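**Student:** Throw the hints in and build the complete structure from the sequences for me.
Letter by letter, the chains look like this.
There are 2 protein chains.
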Amino acid sequence: MLKGPVSVLPVSDSLAAQPDSLQITALPGLPLIQPGDDLVPIILEGVSRAGLALQDGDALVITSKIVSKSEGRIVDLNTVEVSAAAQALAVETRKDPRIVELVLRESAMVSRQAPGVLVTQHRLGFVSANAGIDQSNLKGNDEWALLLPIDPDATARQIQAAVKDKTGTAVGIVISDSHGRPFRMGNVGVAIGVAGIPALLDLRGRDDLFGRPLHISMQGYADLVASAAHLLSGEANEGRPVVHLRGLNFPLVDGRASDLVRPVEQDLYR
Amino acid sequence: MLKGPVSVLPVSDSLAAQPDSLQITALPGLPLIQPGDDLVPIILEGVSRAGLALQDGDALVITSKIVSKSEGRIVDLNTVEVSAAAQALAVETRKDPRIVELVLRESAMVSRQAPGVLVTQHRLGFVSANAGIDQSNLKGNDEWALLLPIDPDATARQIQAAVKDKTGTAVGIVISDSHGRPFRMGNVGVAIGVAGIPALLDLRGRDDLFGRPLHISMQGYADLVASAAHLLSGEANEGRPVVHLRGLNFPLVDGRASDLVRPVEQDLYR
Numbered sequence: 001m002l003k004g005p006v007s008v009l010p011v012s013d014s015l016a017a018q019p020d021s022l023q024i025t026a027l028p029g030l031p032l033i034q035p036g037d038d039l040v041p042i043i044l045e046g047v048s049r050a051g052l053a054l055q056d057g058d059a060l061v062i063t064s065k066i067v068s069k070s071e072g073r074i075v076d077l078n079t080v081e082v083s084a085a086a087q088a089l090a091v092e093t094r095k096d097p098r099i100v101e102l103v104l105r106e107s108a109m110v111s112r113q114a115p116g117v118l119v120t121q122h123r124l125g126f127v128s129a130n131a132g133i134d135q136s137n138l139k140g141n142d143e144w145a146l147l148l149p150i151d152p153d154a155t156a157r158q159i160q161a162a163v164k165d166k167t168g169t170a171v172g173i174v175i176s177d178s179h180g181r182p183f184r185m186g187n188v189g190v191a192i193g194v195a196g197i198p199a200l201l202d203l204r205g206r207d208d209l210f211g212r213p214l215h216i217s218m219q220g221y222a223d224l225v226a227s228a229a230h231l232l233s234g235e236a237n238e239g240r241p242v243v244h245l246r247g248l249n250f251p252l253v254d255g256r257a258s259d260l261v262r263p264v265e266q267d268l269y270r
Numbered sequence: 001m002l003k004g005p006v007s008v009l010p011v012s013d014s015l016a017a018q019p020d021s022l023q024i025t026a027l028p029g030l031p032l033i034q035p036g037d038d039l040v041p042i043i044l045e046g047v048s049r050a051g052l053a054l055q056d057g058d059a060l061v062i063t064s065k066i067v068s069k070s071e072g073r074i075v076d077l078n079t080v081e082v083s084a085a086a087q088a089l090a091v092e093t094r095k096d097p098r099i100v101e102l103v104l105r106e107s108a109m110v111s112r113q114a115p116g117v118l119v120t121q122h123r124l125g126f127v128s129a130n131a132g133i134d135q136s137n138l139k140g141n142d143e144w145a146l147l148l149p150i151d152p153d154a155t156a157r158q159i160q161a162a163v164k165d166k167t168g169t170a171v172g173i174v175i176s177d178s179h180g181r182p183f184r185m186g187n188v189g190v191a192i193g194v195a196g197i198p199a200l201l202d203l204r205g206r207d208d209l210f211g212r213p214l215h216i217s218m219q220g221y222a223d224l225v226a227s228a229a230h231l232l233s234g235e236a237n238e239g240r241p242v243v244h245l246r247g248l249n250f251p252l253v254d255g256r257a258s259d260l261v262r263p264v265e266q267d268l269y270r
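Sequence lines, in order, name chains Y and S. Residue 1 is where the first sequence starts when you use my numbering, and the numbers rise one by one after that. Residue 1 is where the second sequence starts when you use my numbering, and the numbers rise one by one after that.
Please keep in mind that the hints were generated in silico from the structure rather than gathered at the bench. All values derive from a computational prediction rather than experimental measurement. Note that CB positions come from ideal geometry on N, CA and C, so glycine has one too. Treat each hint with caution, since some may be false.
Stretches of chain S that chain Y covers, calculated by requiring three or more beta carbons in the stretch to come under 8 Å of a beta carbon on chain Y [said to hold, decoys possible]:
1) 24–38
2) 68–74
3) 182–192
4) 255–262
Not close to chain Y: a few residues of chain S, all C-beta gaps over 10 Å, as computed [said to hold, decoys possible]:
5) Pro19
6) Leu44
7) Ala114
8) Gly168
9) Arg240
10) Leu248
**Tutor:** In C-alpha cells, the structure reads:
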C-alpha cells in the first residue's frame, strides 16, 4: 500500500467544513463492470445521465466492488490451493476453506475468530470481516470470490487525476466498502480509498461557541461521506455503485484512507 | 432504558430503502437551548426558517447535546462527590476525578482504560468514551459537564409524536451522538435515539443481481443517517444541532437505537 503522510486539516480550514445543504445523487444506468473496464468514462456517462455536470468540490463515492471487478480481482475458488493453516481455521470458523485461504493471503494477521466469524487486519491496514472478500453479484454461484482492490488509495488518485484531465474539475474521490463493527449491529460505509478530499478532519484547537477548545478533535470525514453515499448505494448493490455528492464544502486536503487506520499502539481492542 | 423488541425491516420492504437522490439541510438560526426548553417548536421554527415544509418520510437528526440541555442534564462539577473507585481510576486515566465519577455513574461497566482513555458500556447499552459526557459549549469553563439524555429512544418517540400532532406529518427522528471507534481514526455520527425510522435494516434473504442471497445482511441504517447529518452539524457544534433529510425513502419501521447495540454474546471485542 502506498502510505503517504497523514493528511489532516489545518485548523483554519476546518471551519469551512460544514455545508448548509447537501445534494446526494445515485448515478443511474451504470453497466455491469468487466475486468479491464476503464471506470472513468463509465462514471462520467453516469454523471451526464443523472443530468449533472461536475463542479470543483463535488465528490464521487465509488463502491470497492466495481473497482475490484475492473482490476480483475475475481478468483475461481476451484483454483485455490488451501494451506494447512487455512484448513484448520476453516474448521474453527465453519467457513469455506478456499475463502479462508484467500482471507489469510489478503491479511496481515487474524484479529478474532469464532464459528461464523473471521476478522483480520487486512494488508491495507484496516480491520474487517473476511478481508472484505465478496461472493455476491459475481457469476451466480458460490465458486467465485472478489478480492478488494490492490491499492484503493492509488486507484482513487488515478481516478481523481483522470476526471481532472477529462473535465477540468477537481473532485473528491472515495472508494467505499461496507464494514461491520464491534459493539454495534449493522454495517456502515467506510472509505478504503481517498483522493482530493480529507480522510480525517482535524478539529484540534478549534474553539467552541464559548472560545473553549473542543475536546472532540478528529472527525472520520471520508467515512461519513462513504456512509452518506451508502444510504443510496445500499449493500453490495452493483446497480448503484457510484454516488455523487454536491455541497460538501470540504477543504482541499488530499487525504489517504490509510489516515483512517488507527495505529496499533493507539488501539486498545485489536 | 425502554428496550422494545428489535425492530428490523421485512425483506419485501427493504427494497424500498434506496433513494435516487437525497437533500440534506442544516436548520439555520436555532437558539442556544436552555433547561426546560420545548425542542419541538424550536425545531419547527428552524424548518420554516430553512424554507422547508415537513413531509411524510422526512427525517430530522437532532444532536444529543441539545436534548440533554433541554432535559437539564448539566452538572456543576463542584457538587460531585468522588468515590474511592473513581479517584483510583482518575489516577490511572489521568482524568478529572469528578468526570470519572460521573462516567462511572452513567455506565454499566468499564470496557477499556488507559492514560487519557476511558471507554465504558453506557447504561443505555452502547460502548463509548467517557460515557458521552461533554464539557464543550457549556458555560465557558471546565466546571460544568453535560450528561447524555435520560432515555433518547423515548425522547425521540415523544418528539416524533409531537411533530405528528403539530404538523400532521410522520417524520423519522434520530438523536445523534459522536463516537470514536476501535481500529479506525476519527469520530462518526451514531444514533442513540430513534423513532419512526428503521434503526437496523435487515436485508437477509434479499437476492443480489443474480438471484443469490446477499451475504451482507444488516445495515446500521440510523447510524448512516446520523453520519450523513454529521457532515453538516459537525463536532459538538451547537450552532447546527438539527439536520433535515428529504428523500431517504425509508420503510415505515419504528426502530429503536437499542436495536443497534450488539449483544455481548455476539461481541468478540468487549
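**Student:** Compare the structure with each hint and give your call.
**Tutor:** Tested hints:
| no. | hint | in the structure |
| --- | --- | --- |
| 1 | 24–38 | holds (count 5) |
| 2 | 68–74 | violated (count 0) |
| 3 | 182–192 | holds (count 9) |
| 4 | 255–262 | holds (count 4) |
| 5 | Pro19 | violated, 6 Å |
| 6 | Leu44 | holds, 18 Å |
| 7 | Ala114 | violated, 6 Å |
| 8 | Gly168 | holds, 25 Å |
| 9 | Arg240 | violated, 6 Å |
| 10 | Leu248 | violated, 7 Å |
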